[in-house]
Amino acid sequence: MFYQLTNDNWISIGGIIVDSMAIIVSISIAIWVTRRAFKDNLKQHLFEKRMILYSDFILPLEYLLANHTISNLKKQHKAIDEIITKLYFLSNNEIHSLAIEFIKELEDTIKKVEVGKIQEDNQKLISICRVLSEAMKWEKEYFNDITPSKMKEIKKKYNMA
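One point on numbering: in the UniProt record's numbering, the residue at position 9 of the sequence shown is 9, and numbering is uninterrupted.
Accuracy of the hints is not assured; some may be wrong.
Straight-line Cα separation of at most 30 Å, DSBU-like style, residue types lysine-lysine; simulated pairs [what the hints assert, rightly or not]:
| id | residue 1 | residue 2 |
| --- | --- | --- |
| 1 | K137 | K86 |
| 2 | K150 | K104 |
| 3 | K86 | K140 |
| 4 | K156 | K78 |
| 5 | K137 | K104 |
| 6 | K137 | K156 |
| 7 | K150 | K124 |
I should point out that these hints are in silico values taken from the structure, not numbers from a laboratory.
Work out the full structure, taking the sequences as your base and the hints as a guide.
Structure follows, in structure tokens:
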């Protein structure tokens, strides 16, 4: 009544089990590779968008460093304000918090210049401009988010530590 399995039958069954396991492992690896590629592609796309935003942000910063007149401060303030709202979604916390500090310092500088309390260059505003510029260049060069330790190093370089 019972069918006895021979060595050949056991070998066939073992082969089927090994083939099934190989298929399961292959499918698992294929799913993992596909998800990884999707995440990397998304990360690359976000990085490209961030670099475009940074290039838009650098121009007003350079204008501020070159020309500190009240009309230029107001003009650049409007341009920078629009960029900082986009920066919130695309940049890391280090860059965004420094950008917020920058915009507050820019607004304070504009108020001081309007009432005549400040005549010469505002060193803090210039330092923040330079730190932002260098931090964005670092991210572009290393294709990664800037680390808090690297940000501290850059701030120390410009006497903001």
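We went through each hint and held it up to the structure:
{"no.": "1", "hint": "K137 / K86", "in the structure": "holds (18 Å)"}
{"no.": "2", "hint": "K150 / K104", "in the structure": "holds (23 Å)"}
{"no.": "3", "hint": "K86 / K140", "in the structure": "holds (18 Å)"}
{"no.": "4", "hint": "K156 / K78", "in the structure": "holds (29 Å)"}
{"no.": "5", "hint": "K137 / K104", "in the structure": "holds (22 Å)"}
{"no.": "6", "hint": "K137 / K156", "in the structure": "holds (17 Å)"}
{"no.": "7", "hint": "K150 / K124", "in the structure": "holds (19 Å)"}
Consistency note: the structure conflicts with none of the earlier hints.
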